[in-house]
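Participant: All chains, please: the whole structure from these sequences, using the hints.
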Amino acid sequence: MSGQFSNRFPLFFFSLLLALALIIPLKVRAEEKKTQGLFSEGGPIEITSDRLIADNTGGRATFEGHVKAKQGQTTLSSDWMEVQYTKEGEISTIHARGNVVVTKADQRVQAEEAYYYRDSSTVLFLGNPVAEDSNTIIRGTKITYHLDTGNSEVENSHLTIKKKERKQLGGS
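Numbered per numbering that gives the first Met the number 0, the sequence shown finishes at 171, counting up by one with no gaps.
Be aware that a few hints might be false.
[Unchecked claim] Quick list of the computed label-pair ranges, beta carbon to beta carbon: (1) E111 <-> D49: 16 to 26 Å; (2) T56 <-> K163: 52 to 62 Å; (3) R107 <-> G149: 31 to 41 Å; (4) T85 <-> K161: 36 to 46 Å; (5) T135 <-> L51: 15 to 25 Å; (6) D49 <-> H145: 32 to 42 Å; (7) A104 <-> R138: 14 to 24 Å; (8) K163 <-> Q72: 20 to 30 Å; (9) R59 <-> K161: 19 to 29 Å; (10) E112 <-> T47: 16 to 26 Å; (11) H65 <-> R138: 39 to 49 Å.
If you are wondering where the hints come from, they were derived from the structure by calculation, not from laboratory data. Ideal Cβ placement from N, Cα and C applies to all residues, glycine included.
Facilitator: In structure tokens, the structure reads:
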């Protein structure tokens with residue numbers, strides 16, 4: 000029983016992290032409709048937590064305490080994460096809760112909870128979600144990201160466009 004889980008483990012968690020990480024490239028500019036995955040670097044994914052509970056019969060893996068998943072420059076962390084998967088090893092839902100943060104380079108999304116639903120190809124961030132990069136910060140009460148279209152919806156949104164500092168020529 001545990002052998003079946005270990006054979007699916009790397010693919011299972013790569014899919015998990017990819018699904019959550021696709022929310023990062025939130026851009027307000029209309030010309031940027033291309034969705035980039037956060038895990039395009041390849042290489043191993045390292046996942047640590049204080050505790051892992053694998054329920055192969057129920058198709059569930061639960062990570063508790065200081066959950067951290069890392070691949071290259073990309074990191075997902077939370078206090079708790081549960082993944083539901085089918086008999087074929089496909090992820091059906093992901094629920095991360097408690098200080099959820101996904102980062103890569105200058106991109107960051109944080110929320111109290113995140114949900115991924117494979118059937119509807121959506122990622123939902125709740126609990127004062129904030130998406131930020133070097134140019135913009137967007138806040139709301141709920142951020143929904145549609146993986147199939149690259150579109151996002153932010154309820155009660157507040158957008159901040161960061162002012163770029165201008166370099167002065169000559170002395171002052």
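Participant: Now tell me if each hint is right for this structure.
Facilitator: Status of the hints after comparison with the structure:
1. Restraint check, E111 to D49: a C-beta distance of roughly 19 Å satisfies the suggested window 16 to 26 Å.
2. Against the hinted window of 52 to 62 Å, the Cβ-Cβ separation of T56 and K163 comes to about 55 Å, which satisfies the hint.
3. Checking the proposed 31 to 41 Å range against R107 and G149 shows it is violated: the Cβ atoms sit about 19 Å from each other.
4. Taken as a hint, the range 36 to 46 Å holds for the pair T85 and K161, whose Cβ atoms sit roughly 42 Å apart.
5. T135 and L51 have their C-beta atoms about 36 Å apart, which leaves the hinted 15 to 25 Å range violated.
6. A hinted range of 32 to 42 Å holds for the C-beta pair D49 and H145, which are about 33 Å apart.
7. Distance hint check: the CB atoms of A104 and R138 are about 20 Å apart, consistent with the given range 14 to 24 Å.
8. One distance hint, 20 to 30 Å for the beta-carbon pair K163 and Q72, holds here, with the actual separation near 23 Å.
9. Distance hint check: the CB atoms of R59 and K161 are about 41 Å apart, inconsistent with the given range 19 to 29 Å.
10. Between E112 and T47 the beta carbons are some 21 Å apart, a value that agrees with the proposed interval 16 to 26 Å.
11. The beta-carbon spacing between H65 and R138, approximately 26 Å, falls outside the hinted interval of 39 to 49 Å.
Hint violations for this structure: numbers 3, 5, 9 and 11, all remaining hints satisfied.
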